[in-house]
Amino acid sequence: MDAENLTVITGTVGQDSHTIGVSLLSRFLKENGFNVVELRGLTPPEDFISAARETDAAAILVSSLYGMGEMDLAGFKDKCTEAGLGNVLLYVGGYLKIGRHDWKEDEAVFKKLGFDRVYPPGVELDEVLKDLRSDLGKR
Amino acid sequence: MEQVKFLVDLGSTFTKVAAVDMEGERILGRSQAYSTVDTDVMAGLLEAMEEARKQVGLAAVAREDVVACSSAAGGLKMVCVGLVPDLSLKAGELAALGAGAKLYQCFSYELNRADLSAIKAVSPDIILLVGGTDGGNRDVALHNARMLASSDIRSIVVAACNRVAQEEVESLLQAAGKPVRLADNVMPEIGRLEVESSRRVIRDVFVTNIVKAKGMDKVMGVVSEVVMPTPTAVLNAARLLSEGVGEEPGLGEIMVVDVGGATTDVHSVATGHPVEGALMKNLLPEPYVKRTVEGDLGVRHNLDTLLILGESKGILDKQDIEEARSSLNPKTLPQSGPQRLLDMKLARIASEVAVERHVGRLEDWYGPSGRMLVQKGKDLRRIPSVIGTGGAIVFARDPKMVLEGVLFDKKAPNLLKPESPRFYVDNRYILYAIGLLGNSAPEKALRIGKQYLQAL
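So the protein sequences, as listed, match chains A and B. If you read the first sequence in my numbering, its first letter stands for residue -8, the second for the next number, and so on. If you read the second sequence in my numbering, its first letter stands for residue 826, the second for the next number, and so on.
What the hints contain is simulated information worked out from the structure, not anything from laboratory work. Even for Gly, the Cβ is constructed at its ideal location relative to N, Cα and C. Any given hint could be a false lead.
[Claimed, not checked] Not close to chain B: a few residues of chain A, all C-beta gaps over 12 Å, as computed: (1) Asn23; (2) Ala99; (3) Lys121.
[To be verified] FRET-style restraints, in silico, Cβ to Cβ: (4) B:Glu1136 x A:Pro112: 52 to 58 Å; (5) B:Ala1000 x A:Val100: 50 to 56 Å; (6) A:Ala74 x B:Arg1017: 18 to 24 Å; (7) A:Gly75 x B:Asn1264: 44 to 50 Å; (8) B:Asp1029 x A:Ser125: 47 to 53 Å; (9) B:His1098 x A:Ser125: 42 to 48 Å; (10) B:Val1032 x A:Asp126: 51 to 57 Å; (11) B:Trp1190 x A:Val100: 20 to 26 Å; (12) B:Asp865 x A:Gly75: 46 to 52 Å; (13) A:Arg130 x B:Lys1201: 31 to 37 Å.
One chain only, chain A, in its complex shape:
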């Protein structure tokens, strides 16, 4: 799948301003041919959707490292569907919930929220890129 001309949206959601991870990811995706719209820190969920509509984005990649992701992203997939973005890929990654627990629980929760891929903190960028190319290829 040729990434040329494909746009993806990145940013940290809600009150989260930990942008180092999402900046690294954005840079990596740009180096690999994607057109990346970086919304950076403190991005309201609705802004991801507005930006995706205006740019015809293929995927939205949300980062959350402060444990409040579940609250911030409740209903996110529904909002996307309502906005005509039902086909846009949704990825999320980071410290998605507070406290020590099995990461598999996080994955289940966010898959249920409608995210196509859910990543733990410290995921390899190559893995995300590989998934993104493969998921986009299926569309």
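The hints should help you fit chain B onto chain A, whose structure is shown.
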């Protein structure tokens, strides 16, 4: 006396003329006459020109020495068609207002048949078609172009949408015999606002097409050029007075409040960046030169809004409201003392509310790290100068009382209004003239402006 320039504002209510001695940088005369635009714009123009000519003491006025701006015949009527309300449509709205338009309606997403009827009812001079970042969404702009092409709407379309879609938009409209002009995308990428190109194209369309279309070609027998819509002239003046030119310094960041019979305009030439560590998180940046128009705040038309706001703010009492309802209509000029006071109160409400809507605001966000201040829009608390213009301020007995409506209010500290600006009044009614002169002789225009604006 070397050269006298006559600067005309073909207004919807009054036609105004200012005669300026370009060598001495003095105003030699000014006059105004009722515009009779419904019948013929010429009558008012000839009357005002004749009066100004007499004041100056010239035998005749050469056409080359007369330039005009115009808001006659409804001004520059526009609608904006865009994609996402907070993004491209907002960018289009800012571009249209900055080009001096009277913006009637905005349409987001795909146009439908009902929208087309609404546009037809407005019958705008220009439709600004925007939507999609460069390389982003093109379907909506194309759909909207197709809808406009299939309609019997004759307005000129200025397409400032996704660059990739522009050629197709152009050919779709041209094939249907619709006039179309292209401009750079108003929002080429998320977070970038590019309004200059569409402002230029809109102004060019105004000069070449609209003036003629409004049956104003007769004006050209007296006036060499109608160069811009009046609000653009005022905006140009604000920019010139703020920034200065060449050796001539400006006044720094500036706000202009223009209270009129039908609308209240607010212009700011300022960055509006946060001053005390508030976080600015806007999808779209605020334009450095920003104009907002409040179509519901006029001291004659749509009076009901002002009366309701005035009562809730405690500026008007029951008696004022009765008086306003019974005695004010679009043609009334205040006669008695009490009527003048009432007029001043109305203007005060208009300036207060219009500036509240123009400036940015602080919002509290509560998160895991506690309270956070987020700024939406421009912080204008530190702005050093505010200029008042428009009949309701210029002719007020106490213009300062009207202008104090723009001030920061401790009871609403989240509204980022000016805290302690210096007030000026355009009491010779020359801002538009400065904006017009600014085109050809900016330094002279600036000096004249600084000389004739009255500091309060």
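Inset, instruction - List in ascending order the numbers of the hints, as given earlier, that are violated by the structure. - result: none
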